[in-house]
Amino acid sequence: MNAITESVETRVKRRQLQQTPLWKRILKRPEVGALGGVILVFAFFYVMAPPFRQLSALSTVLYQASILGIPAVAVALLMIGGEFDLSAGVAVVSSSLAASMFATEVTGNLWTGILLALVLSLAIGALNGYLLVRTKLHSFLVTLSTFLMLQGLNIAITKLVTGNVATEDISGMVGFDLGQRIFASNFHLFGTTVSIAIVYWLIFAVIATWVLLRTRMGNWIFAVGGQGDSARAVGIPVKRVKIGLFMVVGFSCWFTGMHMLFAYDTVQSGAGIGNELLYIASAVVGGCLLTGGYGSAAGSALGAFIFGMTTEGVIYADWDPDWFMFFVGAMLLLATVFNGWLRIRALSRSK
Amino acid sequence: MTSTNTPIIQLSNVGKSYGNISALRDVSLTVRQGEVTCILGDNGAGKSTLISIIAGLISHDQGTYAVDGAPMHFTSPRQALDLGISAVYQTLALVPLLSVWRNFYLGSEIRKGSGIFKRLDVKTMQQTAEREVERMGINIPDLEQPVGTLSGGQRQVVAIARAVHFGARVLILDEPTAALGVTQSGLVLRYIATAAREQGIGVIFITHNPHHAYMVGDHFMVLSRGEVELDTPRADLSLEDLMFHMAGGAGLNALQHELHRGEPTTAGQAA
Numbered sequence: 001m002n003a004i005t006e007s008v009e010t011r012v013k014r015r016q017l018q019q020t021p022l023w024k025r026i027l028k029r030p031e032v033g034a035l036g037g038v039i040l041v042f043a044f045f046y047v048m049a050p051p052f053r054q055l056s057a058l059s060t061v062l063y064q065a066s067i068l069g070i071p072a073v074a075v076a077l078l079m080i081g082g083e084f085d086l087s088a089g090v091a092v093v094s095s096s097l098a099a100s101m102f103a104t105e106v107t108g109n110l111w112t113g114i115l116l117a118l119v120l121s122l123a124i125g126a127l128n129g130y131l132l133v134r135t136k137l138h139s140f141l142v143t144l145s146t147f148l149m150l151q152g153l154n155i156a157i158t159k160l161v162t163g164n165v166a167t168e169d170i171s172g173m174v175g176f177d178l179g180q181r182i183f184a185s186n187f188h189l190f191g192t193t194v195s196i197a198i199v200y201w202l203i204f205a206v207i208a209t210w211v212l213l214r215t216r217m218g219n220w221i222f223a224v225g226g227q228g229d230s231a232r233a234v235g236i237p238v239k240r241v242k243i244g245l246f247m248v249v250g251f252s253c254w255f256t257g258m259h260m261l262f263a264y265d266t267v268q269s270g271a272g273i274g275n276e277l278l279y280i281a282s283a284v285v286g287g288c289l290l291t292g293g294y295g296s297a298a299g300s301a302l303g304a305f306i307f308g309m310t311t312e313g314v315i316y317a318d319w320d321p322d323w324f325m326f327f328v329g330a331m332l333l334l335a336t337v338f339n340g341w342l343r344i345r346a347l348s349r350s351k
Numbered sequence: 352m353t354s355t356n357t358p359i360i361q362l363s364n365v366g367k368s369y370g371n372i373s374a375l376r377d378v379s380l381t382v383r384q385g386e387v388t389c390i391l392g393d394n395g396a397g398k399s400t401l402i403s404i405i406a407g408l409i410s411h412d413q414g415t416y417a418v419d420g421a422p423m424h425f426t427s428p429r430q431a432l433d434l435g436i437s438a439v440y441q442t443l444a445l446v447p448l449l450s451v452w453r454n455f456y457l458g459s460e461i462r463k464g465s466g467i468f469k470r471l472d473v474k475t476m477q478q479t480a481e482r483e484v485e486r487m488g489i490n491i492p493d494l495e496q497p498v499g500t501l502s503g504g505q506r507q508v509v510a511i512a513r514a515v516h517f518g519a520r521v522l523i524l525d526e527p528t529a530a531l532g533v534t535q536s537g538l539v540l541r542y543i544a545t546a547a548r549e550q551g552i553g554v555i556f557i558t559h560n561p562h563h564a565y566m567v568g569d570h571f572m573v574l575s576r577g578e579v580e581l582d583t584p585r586a587d588l589s590l591e592d593l594m595f596h597m598a599g600g601a602g603l604n605a606l607q608h609e610l611h612r613g614e615p616t617t618a619g620q621a622a
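Chains as they are written, first to last, in my numbering: chain B, 1 to 351; chain C, 352 to 622.
It should be emphasised that the hints constitute simulated quantities derived from the structure, not laboratory data.
Just so you know, even glycine gets a beta-carbon here, dropped at the ideal spot from N, CA and C.
Each hint should be verified, as a subset may be incorrect.
Over the 12 Å line for every Cβ pair with chain C, so calculated as not near, a few chain B residues [stated by the list, open to error]: (1) Val41; (2) Leu115; (3) Ile207; (4) Met217; (5) Phe222; (6) Val224; (7) Ser230.
The list that follows gives simulated cross-link-like pairs (lysine-lysine, DSSO-like), each with its CA atoms no further than 30 Å apart [as the list claims (entries may be wrong)]: (8) C/Lys463 / C/Lys474; (9) B/Lys159 / C/Lys463; (10) C/Lys463 / B/Lys239; (11) B/Lys24 / C/Lys474; (12) C/Lys469 / B/Lys28; (13) B/Lys136 / C/Lys463; (14) B/Lys136 / B/Lys239; (15) C/Lys469 / B/Lys159.
Between the sequences and the hints, there should be enough to build the whole structure, so can you do that?
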């Protein structure tokens with residue numbers, strides 16, 4: 001027995017020696033395309049927009065990236081699990097609206113509002129997942145429906161409750177300071193102001209990456225998205241994994257929603273539309289396949305960083321902000337083509 | 352030689368209907384330790400339904416299905432798996448984009464740590480997977496490479512090795528040689544024989560190919576339109592018989608008769 005383990009170990013060691021070099025292994029990672037994109041876009045705006053070179057600009061860029069990036073991390077997990085969520089953009093706003101209105105109009109307590117918003121966000125995710133496994137429709141259709149319904153509900157209920165299209169200011173409520181400290185505070189680092197949202201974003205990206213690559217759940221997410229039938233055949237609870245992933249997206253929407261609420265005090269009920277596509281774009285630029293089973297949470301962070309740089313870079317370069325969407329589109333196209341090429345290379349026998 | 356062994360699986364008059372359509376009727380089947388049972392049949396003969404029932408993917412609605420003598424009604428493949436009944440499908444239940452070792456342990460991951468830090472024991476899994484795969488006699492240069500990059504035969508062997516490693520007593524192989532060339536089929540057939548004879552595994556071998564079946568089978572069953580057309584041990588059957596039944600059996604005779612009858616009739620009219 002001992003001899004067997006020993007011989008296996010020496011064999012493993014021998015194999016590691018003749019293994020593919022590190023740089024080649026890195027080139028096979030799904031996020032490598034996004035890493036290249038980050039370098040290119042950074043260099044581009046570094047040259048084109050002098051104000052972009054300051055440290056404070058980097059902080060602003062990272063902040064923009066974190067607002068996209070927190071939901072994008074969850075959306076990346078969902079996409080690796082083989083599904084879409086088009087409702088995430090407005091679900092963020094639904095969550096801040098719910099927290100704000102529960103707090104100001106219903107309970108009078110800020111924390112119950114926050115808690116109820118969390119329950120609502122998780123419920124929206126669970127509903128998306130439940131509808132998906134129940135109707136067996138494509139998640140594109142299911143979440144397009146919830147997207148449209150939420151968009152309508154956001155405005156309609158806000159008007160009904162407040163008589164206005166925006167919610168009341170919550171900054172005077174008891175507990176606001178603590179809430180703001182948790183969700184939307186700033187701190188100083190290297191002489192520049194940094195939003196706490198950036199820290200959360202990076203923490204979420206690290207946790208998601210660890211879960212994907214080092215836990216059973218991560219294995220299951222890849223399997224469920226890569227080949228659902230196979231996953232079911234080896235006993236993975238495919239439906240539960242999918243519903244769970246939608247609820248993770250729900251959680252990320254709640255978290256982003258709380259940040260927005262405490263950063264701006266009031267919520268515009270019509271906001272959030274279109275952001276869902278930026279989350280998906282971040283995940284795709286970061287290496288996620290639309291068909292599932294492949295991708296990276298860290299990649300989605302890089303994707304969000306690219307879009308953060310583009311939003312701010314366009315402003316620093318003094319261009320019309322309308323160029324932003326053009327850049328998003330161009331980047332998405334480039335990244336998808338490049339990632340597709342990389343994946344084919346990774347799947348080809350490269351020995 | 353091995354037929355004295357105790358039956359692991361025993362199906363008696365098992366059937367399955369979907370509404371008015373019955374996909375399977377009156378199938379009785381015994382799988383013993385170390386025995387290879389071949390199930391042959393045309394497309395739509397009920398082979399898939401039968402193995403889905405045995406593997407726990409669907410549950411039967413007539414007859415009894417007993418494992419080790421106890422009647423069962425599986426609602427999930429997991430239950431069958433826990434009793435050592437393991438199916439290797441044509442799709443192999445592998446995820447092409449996932450690495451070899453992750454596929455090997457998919458659904459049965461080894462973990463270490465506790466609480467929220469419970470994580471995959473990557474090293475143990477990689478080493479065990481490597482050992483098991485190497486024992487099958489195939490050489491995979493890098494276990495990190497996606498399963499989708501392996502050859503058909505290699506994938507098949509990885510899937511079988513996985514089932515055996517996880518304590519399969521009954522191995523259901525769904526057309527393992529269908530998509531393979533001659534050499535690769537040989538590899539898989541040799542392994543089927545080894546698994547049964549040396550490791551005492553009961554094998555249910557589903558195939559289209561009577562030559563492949565006859566090479567390794569101890570018992571043969573031919574299904575036709577959801578019913579058993581032939582059910583016989585190897586001793587009472589020649590390859591020619593098997594090929595005859597596989598080619599359509601009595602139905603083929605009738606067809607041949609019909610096609611031949613056409614000629615004299617036209618000849619008669621001409622005369």
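To see whether the hints hold, each was checked on the structure:
1. Val41: holds (28 Å)
2. Leu115: holds (22 Å)
3. Ile207: At about 10 Å from chain C, B/Ile207 fails to clear the 12 Å cut-off, so the statement is violated.
4. Met217: violated (10 Å)
5. Phe222: Given a closest Cβ separation of 6 Å, the condition is violated.
6. Val224: The assertion about B/Val224 is violated, with a minimum of 9 Å to chain C.
7. Ser230: The assertion about B/Ser230 is violated, with a minimum of 4 Å to chain C.
8. C/Lys463 / C/Lys474: holds (11 Å)
9. B/Lys159 / C/Lys463: violated (53 Å)
10. C/Lys463 / B/Lys239: holds (25 Å)
11. B/Lys24 / C/Lys474: holds (21 Å)
12. C/Lys469 / B/Lys28: Status holds; Cα separation ~27 Å.
13. B/Lys136 / C/Lys463: Distance of about 35 Å is beyond 30 Å: violated.
14. B/Lys136 / B/Lys239: holds (11 Å)
15. C/Lys469 / B/Lys159: violated (47 Å)
Checked against the numbered hints above, the structure breaks hints 3, 4, 5, 6, 7, 9, 13 and 15 and satisfies the rest.
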